[in-house]
Amino acid sequence: MSLEQFISNAISPWMKNPGPDDDIVMSTRIRLARNLEDFPFPSTTSQEAARALYKHVYERLSQTSKEKVGDLVWLSMDGLSHIEKTVLVEKHLTSPQLAEDSLQGAVVLNNDETISMMVNEEDHLRIQCLSPGFQLSEGYKYADELDDWIEGNVTYAFDEKKGYLTSCPTNVGTGMRASVMMHLPALVSTQQLNRILPAVSQLGLVVRGIYGEGSEARGNLFQISNQMTLGKSEEDIIEELRGVVLQLIERERSTRRELLKHNQLQLADQVHRSYGILANSRIIESKEAGNHLSTLRLGIDLDLIQGIEGNILNELMVLIQPAFLQQFAEQELTADGRDERRATLIRERLKLENIQDGGGET
Amino acid sequence: MQCQECNQRQATLHFTKIVNAKKTEMHLCEVCAKEKGDEFPGSNSYSIHDLLSGLLNVDPSAGSGAGYSKREEKEYTLQCPKCKLSYKDFINKSRFGCSYCYQAFSAKLDPILKRVHGGNHTHTGKIPKRQGGRLILQREISSLKTKMQEHIDQEEFELAAEVRDQIRELQETREKEEGQ
Ligand SMILES: [Zn+2]
Ligand SMILES: [Zn+2]
Numbered sequence: 001m002s003l004e005q006f007i008s009n010a011i012s013p014w015m016k017n018p019g020p021d022d023d024i025v026m027s028t029r030i031r032l033a034r035n036l037e038d039f040p041f042p043s044t045t046s047q048e049a050a051r052a053l054y055k056h057v058y059e060r061l062s063q064t065s066k067e068k069v070g071d072l073v074w075l076s077m078d079g080l081s082h083i084e085k086t087v088l089v090e091k092h093l094t095s096p097q098l099a100e101d102s103l104q105g106a107v108v109l110n111n112d113e114t115i116s117m118m119v120n121e122e123d124h125l126r127i128q129c130l131s132p133g134f135q136l137s138e139g140y141k142y143a144d145e146l147d148d149w150i151e152g153n154v155t156y157a158f159d160e161k162k163g164y165l166t167s168c169p170t171n172v173g174t175g176m177r178a179s180v181m182m183h184l185p186a187l188v189s190t191q192q193l194n195r196i197l198p199a200v201s202q203l204g205l206v207v208r209g210i211y212g213e214g215s216e217a218r219g220n221l222f223q224i225s226n227q228m229t230l231g232k233s234e235e236d237i238i239e240e241l242r243g244v245v246l247q248l249i250e251r252e253r254s255t256r257r258e259l260l261k262h263n264q265l266q267l268a269d270q271v272h273r274s275y276g277i278l279a280n281s282r283i284i285e286s287k288e289a290g291n292h293l294s295t296l297r298l299g300i301d302l303d304l305i306q307g308i309e310g311n312i313l314n315e316l317m318v319l320i321q322p323a324f325l326q327q328f329a330e331q332e333l334t335a336d337g338r339d340e341r342r343a344t345l346i347r348e349r350l351k352l353e354n355i356q357d358g359g360g361e362t
Numbered sequence: 001m002q003c004q005e006c007n008q009r010q011a012t013l014h015f016t017k018i019v020n021a022k023k024t025e026m027h028l029c030e031v032c033a034k035e036k037g038d039e040f041p042g043s044n045s046y047s048i049h050d051l052l053s054g055l056l057n058v059d060p061s062a063g064s065g066a067g068y069s070k071r072e073e074k075e076y077t078l079q080c081p082k083c084k085l086s087y088k089d090f091i092n093k094s095r096f097g098c099s100y101c102y103q104a105f106s107a108k109l110d111p112i113l114k115r116v117h118g119g120n121h122t123h124t125g126k127i128p129k130r131q132g133g134r135l136i137l138q139r140e141i142s143s144l145k146t147k148m149q150e151h152i153d154q155e156e157f158e159l160a161a162e163v164r165d166q167i168r169e170l171q172e173t174r175e176k177e178e179g180q
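These protein sequence lines are chains C and H, in that order.
For the first sequence, the working numbering gives the first residue as 1, with consecutive numbering after it.
For the second sequence, the working numbering gives the first residue as 1, with consecutive numbering after it.
Simulated from the structure, these hints should not be mistaken for lab results.
Hints are not guaranteed to be accurate.
[As the list claims (entries may be wrong)] Just so you have them, the derived chain H footprint on chain C, three or more residues with Cβ under 8 angstroms:
# : region
1 : 145-156
2 : 288-297
[To be verified] Straight-line distance between alpha carbons at most 27 angstroms, and here's what the computed DSS-like set of lysine-lysine pairs gives:
#  : chain 1 : residue 1 : chain 2 : residue 2
3  : H       : K82       : H       : K93
4  : H       : K147      : H       : K114
5  : H       : K114      : C       : K55
6  : H       : K84       : H       : K108
7  : C       : K91       : C       : K55
8  : H       : K176      : C       : K161
9  : C       : K161      : H       : K147
10 : C       : K351      : C       : K91
11 : H       : K129      : H       : K145
12 : C       : K351      : H       : K93
13 : C       : K141      : C       : K16
14 : H       : K93       : C       : K261
15 : C       : K91       : H       : K88
16 : C       : K161      : H       : K145
17 : C       : K55       : H       : K108
18 : C       : K16       : H       : K108
19 : H       : K108      : H       : K82
20 : C       : K16       : C       : K91
21 : H       : K114      : C       : K161
22 : C       : K141      : H       : K129
23 : C       : K91       : C       : K161
24 : H       : K108      : H       : K93
25 : H       : K129      : C       : K55
26 : C       : K351      : C       : K161
27 : H       : K108      : H       : K88
28 : H       : K84       : C       : K261
29 : C       : K16       : C       : K261
30 : C       : K161      : H       : K88
Where a beta carbon is used, it is the ideal one built from N, C-alpha and C, also for glycine.
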């Protein structure tokens, strides 16, 4: 398989499409936690009850028309190899918990992988809708329609006062977690983010770094999501999150402009050094790769380097994770082996681009 | 990643502590984080479940074991009749066993939910469309029943009879819908 084919098979189709504000917002995710009446929750369930739940959901949903949803693929975890499961985790289509621990776990995907529904995770159903760029309302509308279709076929555990009943008390009510993945290199490098984060959490939102093999936030990528799910409507939750994300976008953009105005040469130097390291390394750790990819992406956004596709950061952040490296290598790899393959994959990938100098020297 | 304290459970909490420019990272499961909670005031955690540690930590058995009232002891031995999960296990795992647990533990639940959800304990969001019809109908019937009782109390029997007919109508609609 050629590298182009490998990449195009590995990346979810929706990731290749542009989205609103995708210079800063990489993707938007809406997740709804749902459980069915009269089935024990996955945390206490038995093998048989978990199988009964899966069978019930499968029979109800695979026999009804779903023109809004399209064709669905049902993948049960016990039919997948360890590497296949890890690939699903690295694509954020399933959770590590579902892949490794769950009884009768399954994931349901549509063609472009904008829908991924987990069955028998922490809750019976975790409906997830993914979209490129900043699309909170559109994402929710899509998730809401999907939820209506599912609810038309199964009976949810719902209480008038408590809303959708979930395994964990942090999800009860709407069961909704809306998340936006942001690339914030300028706010990180000017150390503004440290000051912003406490304020953001006071507004009832959570910020997470994106963890790789270690736990450190990598590649200046941050996921912002709502904390509370009870006592607010879905629309209110989305409005509040949108307000904060819009402010962060504005701050990041203006800081980028400032940096460009006062430090263009230094910035161009950094971008080209990062490109140099990515294009020439023989061994690279995921953290180092993440940081240089972030700088390269900033350079693309600021036009300091040309001829490289803008979504290279999204794409390579997925591809340089362990399971993909092992798929690419077609063998199991040690940590050292992964560092070598990672460097090779990135070099090969950059060779596909037609790199040109940007406006570094004015 | 495994919890670095117990090496058993999945680490879901990632703390970064910076002391004298020296950075220490901790990777803990919820159980161990709860135990270590006091050591990390203001630590920089990114996990959503961090809220739960401490919040649910209202375990009376963790105290000296003495001085608890009968009432507290009784609450603590609460159990869900459907899935048999005890309130104690719910606190330990911070997960419900089934949807009936919400009713079984309801006496203790609102304060916990308030702390997790910024003071809120009542759902104001989406109502499922198909089930919602039934819920709305039920809500209407129970409010009419209250109204009927009021009329009876006031000895307004004709009005009460009118309301009774309305209730019957709604009940018939409900039965028809459920029969489908
Ligand atoms: Zn532990
Ligand atoms: Zn229960």
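Status of each hint after checking the structure:
1. For the region 145-156 of chain C, the stated coverage by chain H holds: 6 residues have a C-beta nearer than 8 angstroms to a C-beta of that chain, and at least 3 were required.
2. For the region 288-297 of chain C, the stated coverage by chain H is violated: 0 residues have a C-beta nearer than 8 angstroms to a C-beta of that chain, whereas at least 3 were required.
3. The straight-line distance between the Cα atoms of K82 of chain H and K93 of chain H is roughly 18 angstroms, inside the 27 angstroms bound, and the hint therefore holds.
4. Pair hint K147 of chain H plus K114 of chain H does not hold up; C-alpha atoms about 32 angstroms apart against a cutoff of 27 angstroms.
5. About 36 angstroms separates the Cα atoms of K114 of chain H and K55 of chain C, which puts this hinted pair outside 27 angstroms; it is violated.
6. Taken as a hint, the K84 of chain H and K108 of chain H pair is honoured in the structure, with Cα atoms around 17 angstroms apart against an allowance of 27 angstroms.
7. In summary, the hint linking K91 of chain C to K55 of chain C is supported, as the alpha carbons are separated by about 26 angstroms, within the 27 angstroms threshold.
8. For a cut-off of 27 angstroms, the pair hint linking K176 of chain H to K161 of chain C stands: about 26 angstroms separates their Cα positions.
9. A C-alpha spacing of about 22 angstroms is found between K161 of chain C and K147 of chain H, which places the hinted pair at or below 27 angstroms, so the restraint holds.
10. For a cut-off of 27 angstroms, the pair hint linking K351 of chain C to K91 of chain C stands: about 24 angstroms separates their Cα positions.
11. This hinted pair checks out: K129 of chain H and K145 of chain H have alpha carbons roughly 24 angstroms apart, not beyond 27 angstroms.
12. Pair hint K351 of chain C plus K93 of chain H does not hold up; C-alpha atoms about 50 angstroms apart against a cutoff of 27 angstroms.
13. For a cut-off of 27 angstroms, the pair hint linking K141 of chain C to K16 of chain C stands: about 21 angstroms separates their Cα positions.
14. For a cut-off of 27 angstroms, the pair hint linking K93 of chain H to K261 of chain C is broken: about 53 angstroms separates their Cα positions.
15. Note on K91 of chain C and K88 of chain H: the hinted pairing is violated, with a Cα-Cα distance of about 37 angstroms set against a maximum of 27 angstroms.
16. Taking the CA atoms of K161 of chain C and K145 of chain H, the gap is about 20 angstroms. The hint holds against a cut of 27 angstroms.
17. With a CA separation close to 35 angstroms, the supplied pair K55 of chain C and K108 of chain H exceeds the 27 angstroms bound.
18. With a C-alpha separation of about 48 angstroms, the suggested pair K16 of chain C and K108 of chain H falls outside the 27 angstroms cut-off, and the hint is violated.
19. For the proposed pair K108 of chain H and K82 of chain H, the alpha carbon gap of about 18 angstroms is at most 27 angstroms, so the pair holds.
20. The straight-line distance between the Cα atoms of K16 of chain C and K91 of chain C is roughly 13 angstroms, inside the 27 angstroms bound, and the hint therefore holds.
21. The hinted pair formed by K114 of chain H and K161 of chain C meets the criterion: a straight-line CA distance of about 13 angstroms does not exceed 27 angstroms.
22. With a CA separation close to 15 angstroms, the supplied pair K141 of chain C and K129 of chain H stays within the 27 angstroms bound.
23. Our distance criterion of 27 angstroms between C-alpha atoms is broken by K91 of chain C and K161 of chain C, whose separation comes to about 36 angstroms.
24. At most 27 angstroms may separate the alpha-carbon atoms for a hinted pair to count; K108 of chain H and K93 of chain H meet this at roughly 16 angstroms.
25. For the hint pairing K129 of chain H with K55 of chain C, the CA-to-CA distance comes to about 23 angstroms; that is within 27 angstroms, so the pair holds.
26. Distance check on the hinted pair: K351 of chain C and K161 of chain C sit about 58 angstroms apart at the alpha-carbon level, beyond 27 angstroms; violated.
27. For the suggested pair K108 of chain H and K88 of chain H, the alpha carbons sit about 12 angstroms apart, so the restraint of at most 27 angstroms is met.
28. The hinted pair formed by K84 of chain H and K261 of chain C fails the criterion: a straight-line CA distance of about 65 angstroms is larger than 27 angstroms.
29. Distance check on the hinted pair: K16 of chain C and K261 of chain C sit about 31 angstroms apart at the alpha-carbon level, beyond 27 angstroms; violated.
30. The hinted pair formed by K161 of chain C and K88 of chain H meets the criterion: a straight-line CA distance of about 24 angstroms does not exceed 27 angstroms.
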